[in-house]
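> Following the hints, position chains B, C, D and E against chain A.
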Amino acid sequence: MTRNTLQRLLPLALLATVLCLPLAVRSATYLHIMILVYLYAYLTTSWNLVGGFAGVLPLGHAAFFGIGAYTSTILSLQYGISPWLGMLVGGVIAAAVGVLIGLPTFKMRGAYFALATIAFAEGFRVMVENIDKLGPFALNGPRGLQIPPLNFGLAEMMFSGKEPYYYIILIMLVAVLLLTSFISRSKLGYYLNAGGEEPEAAMALGINVARAKVIAMAMSSFLTALAGTFYAQLNLYIHPKSAFSLDLSFEIAFIALIGGRGSIVGPVLGALLLRPVSDFSRIYFGDTLPGMHLIIFGVILILVMTFQPRGLQEPLTRLYERLLDRLSGERRAA
Amino acid sequence: MSLLEVRNIDVSYGDVQVIFDLSLKIEEGEVVSIIGGNGSGKSTLLRTISGLMQASAGEISFEGKPIHRSQPEEIVEKGIIHVPEGRRLFSLMTVLDNLIVGAHNSRARGQAAATLEKVYELLPRLKERHNQIAMTLSGGEQQMVAIGRGLMSQPKLLMLDEPSLGLAPILIKSIFETVRQIADQGTTVLLVEQDVRHSLSLSDRGYVLEHGRIAIEGPASQLLDDPHIKTAYLGI
Amino acid sequence: MLYIIEDAINGILMGSIYGLAALGLTLIFGVLKVINFAHGSLLMVSMYVAYWAVTLTGLHPYIALVLVVPVMFIFGYLLQDIVIKPIFKAEKNVREPITVIIVTTGVWYILDNLTLLIFGPQYRNLEANPLRGKMLELGEMLISVPKLWGFGAAVLTTLAIHLFLQRTATGRAIRATSLDREAASLMGINAYKIYNLAFGIGTAIAGVAAVALVPFYNVFPTVGVLFDIKCFIIVVLGGLGSIGGALLGGIIIGLIESVAPQFMAATWTEAIVYGLFLLVLFVKPSGIFGVKHDW
Amino acid sequence: MNILQKIAVPVVAFSMLAGTSAFAENVKIGNIEPMSGPSASLGQQGKAAREMAVEEINAAGGIKSLGGMKLELIYADSESKPEKGVAEAERLINTEKVHLLTGCWNSAVTYPTTAVAERYGIPFVVPVSVADKITEQGFKTVFRIAAKDSWWTRDQFAFLKDMQAEFNTPVKKLAFVYENGDWGTGFAAQWKKLAEEGGYEVVLDEPYPSTSTDLSPVVQKIKRAKPDVLLLTSNAADAILLTNTLAEYNVQLKAIIGSGGGHADPSFMKAVGKNAAQIFDIGEWETDVNKPGAKEANEKYKAKYGQNLSGEAVDAYLAIYVIADALERAGSLEPAKILEALRATDLSSGPGMIVGYDKVAFDETGQNKHAALVIVQVNDTGNGLERITVWPKNARRAGYTPVFPMAVK
Amino acid sequence: MILKVEGLTKEFGGLRAIDNLSMEIPAGGIMGLIGPNGAGKSTAFNCIAGVYAPTAGRIFFNGENIGGQKPWDLCKKGLARTFQIVKPFASKTVLYNVTVGSFATCERRSEAEAKALEVLKFLNLHDKKDMLSGNLTIADRKRLEIARALATEPKLLLLDEVMAGLRPSEVDEVVEMIRKIRDSGVTILLIEHIMRAIMALSDRVVVIQFGKKISEGEPAEVAADPNVIKAYLGDEYVAS
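Chains as they are written, first to last, in our numbering: chain A, 1 to 334; chain B, 1 to 236; chain C, 1 to 295; chain D, 1 to 409; chain E, 1 to 240.
Since the hints were derived computationally from the structure, they do not count as laboratory data.
It is possible that part of the hints are untrue.
[Said to hold, decoys possible] Under the rule of at most 30 Å between Cα atoms (straight-line distance), these lysine-lysine pairs were calculated in the DSBU-like manner:
1. C/Lys-134 with D/Lys-274
2. B/Lys-156 with B/Lys-78
3. A/Lys-133 with D/Lys-193
4. A/Lys-107 with E/Lys-77
5. A/Lys-187 with E/Lys-129
So that you can see chain A by itself, here it is in the shape it has in the complex (with noise of 0.2 Å):
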């Protein structure tokens, strides 16, 4: 096979089996962990608009996700409305706060910016917390919103079984791979990555940065409350502390980090990565070491940053493309 082939093959492949992948594995364990290592890549891949392509570091992306589970999970308890319309709702609500949040932040600089945004994130946590109702929603403060598991179905977007969660996970997944890849070939694409790389060079070829940063931000909370509506339709419940949680801010921009920022592959890695490891280490020394699982993620923060501060992306690439080598037989054209 010519390298070529090859490598227009291998990601076909890996496609298959990703779509076969429930057909062999048939742990429901299994399929949520992928499930949940595909809502983190789908998340940090939202993220990495921002925190990405526009060179910022937010860590609050939890208040949008926390919007739209909320949004959706109040429109189909109150009002009977479907999560799949709940969901671009909430996409809108959360765009809305996601511009109103960067028209000021984008101005800070480095750590003034991170602040910045968990500040606003923990702000909303602590609002949802203290109002019961507002206006005719309930929010129902600090005991969170339950979703009764009584109508299965694709339209209420509520499954007895896994499956069909991974492939709503999964088909977001490749269809916000595609579009950040759609993006980072665009004329947007250029500018973020011209404004986070040198703003001033990008002023001075006509890219007015705030702006594009604030429709990237508008873009990836709208992305992330996306995510929220599904995380609440997979666990059926949510709570301010769970659903505005300042862990997973801090856990999706970890995942972008050790993946490498600003890549389209780098949040899937990070994701692939952290994810299990986060999760065995949790099961399997959950009831002996507790907290070991958490000394474990904090090592591998310290190790990769220390090692590889670009992020696992570019080795993992230098290892593919030798993989493709071998495989082939062909060196890769310079």
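What follows is chains B, C, D and E alone, placed relative to chain A:
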């Protein structure tokens, strides 16, 4: 043995080579000028001597001992002080604190009080302004602080990077007079300048740097009359 | 009216202790230009050190200071030297390396959970504690004595750090490094050593805060998290890097937390604090008092 | 072909991994508990109590109707996070092939997790997660040993009424102070209803964040509201902080009534010392309960784990005995059979029955009908501070007279 | 006049970096702006390019007062610039860098890339289009900086020391390149330290010192102006 000896160094920023096979010598007690246009590699040369940058090839020795692998603070400890371009004062600290930080190295620290008196004598303006925050000073005063701060380290070799930069002519004059006084008190001075006339007139020797290479070298008086300098600067 | 004053006094005292907890964070930021997300965990470790120092040796809780401060100084110094320094060296041209933030977060996870592994999840409280429940009566008003001591410690530490930075050679070297790392190294100052020192001192200050807290506060593995975000807010209110600002920022937070609940549910004070935090970030990112830190 | 192989190998390995431990030799009980994170203390007590029960049952010959089959506990850490609880339930059911589940202490984790069990038809025994909602979801697989929060609050008010009569001390004004989580706000909602019904005046209704680092402002509010009785719902850290601060500000009340949780945490008494004296607390169990075996069980536990059995721990301990009893009667590992047996539970004796009430039997929602609560008073009768059962009156420790109203300190 | 600067003044916290500077650039030519280090050339440049809003004075570009407008808007109006310290998007290829510029006038990537390739061919950078810009030599980076600006289709191109740090042979190449750009109809304002190049290229030269214009005229005139010699070589040089 020369005080400072630079032998065949190459220096690059990343993969961009800025200095090519450059050698120079400074004897104890001399005032040496390095002149050259923007981008000729003057500042890079000083940054390499003071350890902020590493030469990719060649050697630098001071008092006969190699220093090209040393960290900046070790080089200061040996007696070379680099007064950087743009003064680089500790902007929010007072004049006095700036001066005291200059005496950070172990040779100078114990005698800081005495050195301070000498510096005040040389630069009386600093004494008047000792409590003022550095960034509120005028450009000329800031340059004096930068020089004073360098002197506080009791240098054997004082390297000045464009002390006249951005100063009004009257101030430039007084800065150069100060440099002359420092030299007269016995400190070896390496002066990097664009102001050819001023710097050469107070120097013993000079080097003209072009594109990272020594173009001409010789006694200062001789260089002053060299027509090549005018050509290099004005393109005529 | 009197009760508002009583609350305000409590707020100032408690707030000053928050400020003390945040002081180390602001010092570290001032020098390294990095937000140390592990600061809360370092406070937690300090509290364990203080707790065990008192429990094992039977020292008066405040005398434990002589043990806690040096131990935490060394801890912070080594942490910076061994874990964080390599990252700085790798990214020495970046002004605010994000990777360092991530590494400090890793340190946070490790410290908190290592403590859980070693000491278990129990809540600990000094048993033989001569200060427990001591209240000073001022007419109708009651003022907590350990908090008063904490206030004293906060003011004295702030003053001591201020004087240290202003008057000593090392202090000046730290300030110089903070203002211009390269120029400082041209004056013979080893910037990495200064980073280690600053990190050590910042951690030692967390030790002082721990000693102030332990006589009236619980010790448990996640206690740092409670103070973590509070500390971030305080240092931004006071101006990142500003020594006096940390104390003032702390007092503002303390006052809000103490006085605001008299007019609304205590849970809303958190929202007020975040609101104020964002307001300051947007309107005056240099901090409420807008003082450029010279220290 | 070699490419296909390269892909196939990990996939096969993965699915084989997924299929491990499919053959059970023991009865597997999955337990989801907060082993790390903010509620780790409670999770670990629950773990210890379960272990003790399993060791006892196995030592006594296991489940006889299943040929002496042994019980095996498998733990999972929820970190107090609902999504982790859900993921772990999935794993325990599918991968570990557990036959039953217990957990999860945090009500917020228990809701979604029981929904998973319901989906798979796996029995889920909840020792203690008090939110009413848990047994009111219409699930067929959920059984709760402990009382639900409407019963807890009901008993707190019944106790209050009884005490007023017994000591002839009227109580009019109440203050509610509670952590602003799921649990505290749930209790507060019930209190408000009961206060209205009982004709009390609520002078303070104050939620506070359980992450508070200073509760003096809340205590000041209590002091100024001048209630007769203060009802609290607190986690451990804030219970300790509140109790100490109440003492510091010398807040005079007729009674302080806790709601278990932080007030029942073994760290609590140790940490607050004499400031805990005369506080009432509601719980499932006390060391001084007048039940055969209770004392021994507590001593054994204390020797092993260094703490007294708490109400939470006893519920967990009993839950394992309830499960063993149901398995014995089911004589099968079929979920349907186990569920049937659990529904028919009528347990009134055995080593597990060291609780304050006499029987375990579930109503149609899965709630233990007989679950009852005791109220204790923390006091020192010469042996150091201890929790002394005072209510219901028939369970009161012999020779002890409750202090009501609280003595002026 | 494509650009007309009237009484431009810029102060930074009381410090006057540009003091009442006026100059005019006719369309189609090359104007040199020189002065010793720290004279205020870059500040003037930044005011024209929209980085700084002037403290006083007006700047007309094609007859429109553009003082205080943002750089990205100016770029779309046909005013492009390079940076003295080159700022390539270092993690991206040469083609990517130039395409960012050509997006200023087109929406689609294929179109933008086609135009970028044209520019690269025009500037003889075509064979390096797939190299990471961070790996280019300094000379190529400077060329890339020009290519990127040119891709925005400017009418006026501001070049900030594009020859600094180059070897003599490379300087000659850039001189040729600038001529070529001028011949394609782009007006050029050139800040440069390399006098040889300035003298060879410029139709007119403006000399500033301490933010003030001290001389203006054709290159030879300016080079002979005692004021200029004094500014460059020190006041005593004139006498000798």
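> Now tell me if each hint is right for this structure.
Each hint, compared with the structure:
| no. | hint | in the structure |
| --- | --- | --- |
| 1 | C/Lys-134 with D/Lys-274 | 14 Å, holds |
| 2 | B/Lys-156 with B/Lys-78 | 8 Å, holds |
| 3 | A/Lys-133 with D/Lys-193 | 19 Å, holds |
| 4 | A/Lys-107 with E/Lys-77 | 25 Å, holds |
| 5 | A/Lys-187 with E/Lys-129 | 19 Å, holds |
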